[in-house]
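**Q** Residues per chain are reported as follows:
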Amino acid sequence: MTETFPRLVRDNARTRPQHVAMREKDYGIWQSYTWRDYYEQARLIALGLASLGFRRGDKVAIIGDNRPQLYWAVLGTQALGGVPVPLYQDGIEKEIAFILDHAEARFAIVEDQEQVDKLLHVRARCPRLETIVYDDARGLRAYSEPFLMSLEQLQEEGRKFSIGHPSHFEDELEKGRADDPAIICYTSGTTGAPKGAVLSHRNLSVTARNAAEFEKLRADEEILSYLPMAWIGDHIFSYAQSILVGFAINCPESTATVLHDLREIGPTYFFAPPRIWETLLTNVMVRVEDAAWPKRRLVRFFLDVAQELERARLSGRALSGWRRLLYPLGEVLVYGPLRDNLGLRRVRRAYTAGEAIGPEIFLFFRGLGINVKQLYGMTEASVFITIQRDGDVRPDSVGTPIKDVELKISDEGEVLYRSPGVFQGYFKNDAATRQVMLEGGWMRSGDAGFLDAAGHLKIVDRAKDVTRLADGTIFAPKYLENKLKFSPYVKEAVCVGQDRPYVTALINIDLTAVGNWAERRNIAYTSYTDLSQKPEVAALIRQEVERVNTSLLEDDVLRHAQIRKFLILHKELDPDDEEITRTRKVRRGYIAQKYAPLIEALYGERDHVEVEARVTYEDGRTGTVRADVRICEATAAEGLR
Amino acid sequence: MSDPEAHGLSGSRPAGGGVGAIAGRTSNPEARHGSAGARPSAGGVGAISGPPLLVTEDVSVRFGALLALSKVSLEIRRGEVLAIIGPNGAGKTTLLNVVSGFYHPYEGRIVFEGRERTHLAPPDVAALGIARTFQNVALFRGMSVLDNLMTGRLLKMRGHFLLDALWWGPAKRQELANRAVVERIIDFLEIQAIRKTPAGKLPYGLQKRVELGRALAAEPTLLLLDEPMAGMNVEEKEDMSRFILDVNSEFGTTIALIEHDMGVVMDISDRVAVLDYGRKIAEGTPEQVRKDQAVLDAYLGATRG
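Listed in order, the protein sequences are those of chains A and B. Numbered per this note's numbering, the first sequence spans residues 1 to 641. Numbered per this note's numbering, the second sequence spans residues 1 to 305.
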């Protein structure tokens with residue numbers, strides 16, 4: 001098999017040249033590019049790179065927001081047998097320098113001045129980096145560095161090069177093999193330095209196709225490409241599946257307009273990490289709170305009806321009669337308009353992936369009639385491991401394995417998988433590869449989980465995070481955190497309890513929701529820090545914590561791990577401070593260390609603690625934030641057994 | 001480009017620049033010149049040579065017995081960023097108002113692009129390619145950002161009552177062409193997300209940016225900014241500074257601005273003119289002005305000789 005993505009795009013360009021492959025909102029209008037444009041633009045980029053002496057196997061760093069130009073760059077690089085290395089566009093210089101150097105990138109194709117400036121700073125630390133190509137020339141006209149050029153110039157060079165080498169591109173394209181590396185995705189990792197997962201064309205194409213067939217994706221799907229290109233998910237959805245199935249991707253105008261663009265596009269296939277679902281939910285709730293009381297009551301009433309119904313449906317219970325009768329009315333009055341407002345009216349299937357989603361959030365969107373499904377995947381598996389089947393969705397499982405994926409649970413309770421999508425290894429890091437890759441091609445997922453009687457995979461937590469309190473009570477921090485994060489007022493939460501007498505929580509409030517709440521109650525505040533320490537806010541969050549404690553009673557195993565004390569952090573957890581990863585996973589070890597005084601205070605007698613926190617600005621400089629953090633107690637719920 | 005600090009100051013995005021950048025600039029007046037490789041300013045582009053764009057010759061303005069401007073002679077050179085500074089009541093805004101035609105001098109001449117323009121009315125001045133923003137935001141509060149920017153195009157439009165009403169033929173083409181210009185400005189100023197938001201609902205810093213956008217929509221040769229950064233926080237100032245520099249380098253627009261924040265002035269301007277009690281007391285590069293004794297006296301309140 002010699003299937004590579006450049007060949008697939010060539011086929012698309014031949015068989016359906018006039019079909020739209022990608023759109024980008026630019027100057028207020030959705031501009032379209034056909035498959036022929038896609039191929040042609042990538043060809044010129046490839047030839048331009050060739051004119052600079054590109055050799056097979058060279059790495060090209062790709063940094064920027066989702067732009068057609070950057071997807072062309074990925075394709076152009078692959079066409080020459082090179083390997084694109086997408087980086088997080090908001091990465092700070094230290095991370096970028098590490099990855100550029102580690103990946104041995106010779107070229108970088110980036111979006112704009114912001115990225116160029118970062119690269120110019122780190123260039124001294126990345127001696128292999130030869131040429132930086134930028135797409136948006138804004139603010140860069142006066143830069144005179146000889147190794148800097150615009151994408152247009154590069155393509156112009158490519159045009160000239162092709163005159164002397166008319167068959168160069170086709171020749172290189174033909175040399176491509178399915179087992180060539182197609183991409184190196186650096187995983188942010190909750191511990192240690194980033195690791196570069198190498199995936200081949202075959203890994204990606206087989207897995208992406210299996211998933212597409214599983215979901216019966218069609219060439220008329222529309223997706224919004226708004227998640228970082230450095231995330232394997234975007235590479236699979238916006239690149240691999242788009243090319244394999246032939247559907248169109250849509251690049252938003254700017255990061256600030258994503259929700260608006262979502263509504264304009266009305267995607268049929270949508271994926272979002274729990275974080276985004278939470279944001280959507282918070283936006284809805286804030287607007288509901290702002291509405292006049294009759295509307296508010298109406299919306300709340302029908303949302304409750306929908307959630308109850310969905311809960312019953314998913315757990316296979318009988319649906320209560322009056323709620324079933326009300327649902328069509330709710331559809332007209334609330335659910336339909338809300339779906340339309342969110343831009344999810346046309347969604348045929350949506351995924352939540354990357355992290356476990358709070359069951360309440362999941363129920364909320366499913367209750368609205370949006371087919372949100374859980375997906376379990378990892379970078380090292382070319383994403384797809386399990387997907388929830390339509391009609392067989394359960395709130396507490398992540399579904400069943402897709403075609404060609406095998407699952408088993410190790411003796412320690414860790415989920416192991418084997419599939420054609422399993423990566424080639426971490427780039428230049430055999431030690432790390434050996435840690436995850438077992439004999440017989442089995443891969444360690446790092447997650448604790450089990451398969452239920454029906455073959456559904458259930459994930460409990462990160463294997464290393466499930467622990468016990470000092471008295472032996474089982475405690476799964478992420479489970480609690482997800483429950484807390486269902487509250488629109490809670491943006492992030494970190495629960496602590498290993499070998500401790502009771503569970504405590506560090507909570508980040510959501511500035512939009514709590515700010516709005518405070519304004520409506522005439523509570524004046526000056527800053528995030530100030531707002532976070534208001535007694536009224538503490539009381540608000542206490543209610544949320546106690547709600548979680550009450551809901552824990554439903555779970556027989558975890559019911560004793562209730563939150564006894566909590567505090568509201570004076571600053572937001574931020575990837576720049578290395579407290580969460582770029583994909584917003586909490587880095588527990590680091591937080592435990594950084595906030596040790598706060599955590600000690602949670603297990604002490606005092607009702608407040610002074611702290612000083614170091615914050616890192618986006619350019620890498622640091623400053624400190626000082627605050628007096630309040631320690632709050634929460635009542636544990638006592639349930640009837 | 002071995003000096004990373006200089007590079008960061010040369011107009012990186014606000015996100016990249018971070019909060020402390022302005023302070024960094026203030027403490028290092030050489031930064032801008034140190035970064036000339038990254039963003040050649042005065043003399044770098046080569047556009048500043050040649051005859052000045054606008055000259056005021058011995059301009060005096062009187063309000064009754066009050067002499068607001070007294071024989072002010074000033075050159076605005078093509079392609080430069082000129083800052084006009086001075087203590088409160090020094091006549092800065094009056095000077096801007098004279099240039100933009102709101103006031104007429106009782107003596108002296110104003111020469112724009114080599115021709116005398118002393119007594120033009122504001123619309124005629126605008127038609128010549130001089131646009132301005134105001135000290136207090138003067139947007140149409142109930143209109144969307146997009147519509148506000150479109151008003152900046154009015155001078156470029158040729159109306160026809162019937163065709164405009166029917167939005168047909170040339171009227172439609174004209175509107176589309178103007179909309180395209182405005183969309184480029186929206187993209188340039190990164191205000192896509194608020195395109196349809198009523199201007200009055202926006203936070204102050206964004207309103208200032210929209211006002212800059214409206215002035216830019218007129219595609220001016222000379223842009224007059226009256227305290228573009230007044231009342232802004234450090235981050236907003238950082239943003240605005242970058243936009244002003246970007247306008248200057250991308251479109252080649254000559255900019256004259258009034259500003260009180262010395263950090264900003266020293267960092268973004270090629271030349272500085274200092275007014276005090278209606279008189280021009282100094283003019284030169286930021287560095288020259290910074291060392292000028294008359295300026296120090298005016299600002300520090302030394303006894304006047």
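It is worth saying that the hints were derived from the structure and are not from the lab. C-beta: ideal position from N, C-alpha, C; glycine also. Hints are not guaranteed to be accurate.
Said to hold, decoys possible - Straight line, CA to CA, 30 Å or less: simulated DSS-like cross-link-like pairs of lysine-lysine:
(1) A:K534 <-> B:K201
(2) A:K464 <-> A:K428
(3) B:K196 <-> A:K25
(4) A:K403 <-> A:K458
(5) A:K428 <-> A:K585
(6) A:K25 <-> B:K172
(7) A:K295 <-> B:K201
(8) B:K291 <-> A:K25
(9) A:K534 <-> A:K458
(10) B:K156 <-> A:K571
(11) B:K201 <-> A:K25
Unchecked claim - Per the computed footprint, the stretches of chain A lying under chain B, defined by three or more beta-carbons under 8 Å from a beta-carbon of chain B, are:
(12) 167-174
(13) 251-259
**Q** Would you mind marking each hint as holding or not holding in the structure?
**A** Tested hints:
no., hint, verdict
1, A:K534 <-> B:K201, "holds, 27 Å"
2, A:K464 <-> A:K428, "holds, 25 Å"
3, B:K196 <-> A:K25, "holds, 15 Å"
4, A:K403 <-> A:K458, "holds, 18 Å"
5, A:K428 <-> A:K585, "holds, 25 Å"
6, A:K25 <-> B:K172, "holds, 22 Å"
7, A:K295 <-> B:K201, "holds, 24 Å"
8, B:K291 <-> A:K25, "violated, 50 Å"
9, A:K534 <-> A:K458, "violated, 39 Å"
10, B:K156 <-> A:K571, "violated, 49 Å"
11, B:K201 <-> A:K25, "holds, 24 Å"
12, 167-174, "violated (count 0)"
13, 251-259, "holds (count 4)"
Checked against the numbered hints above, the structure breaks hints 8, 9, 10 and 12 and satisfies the rest.
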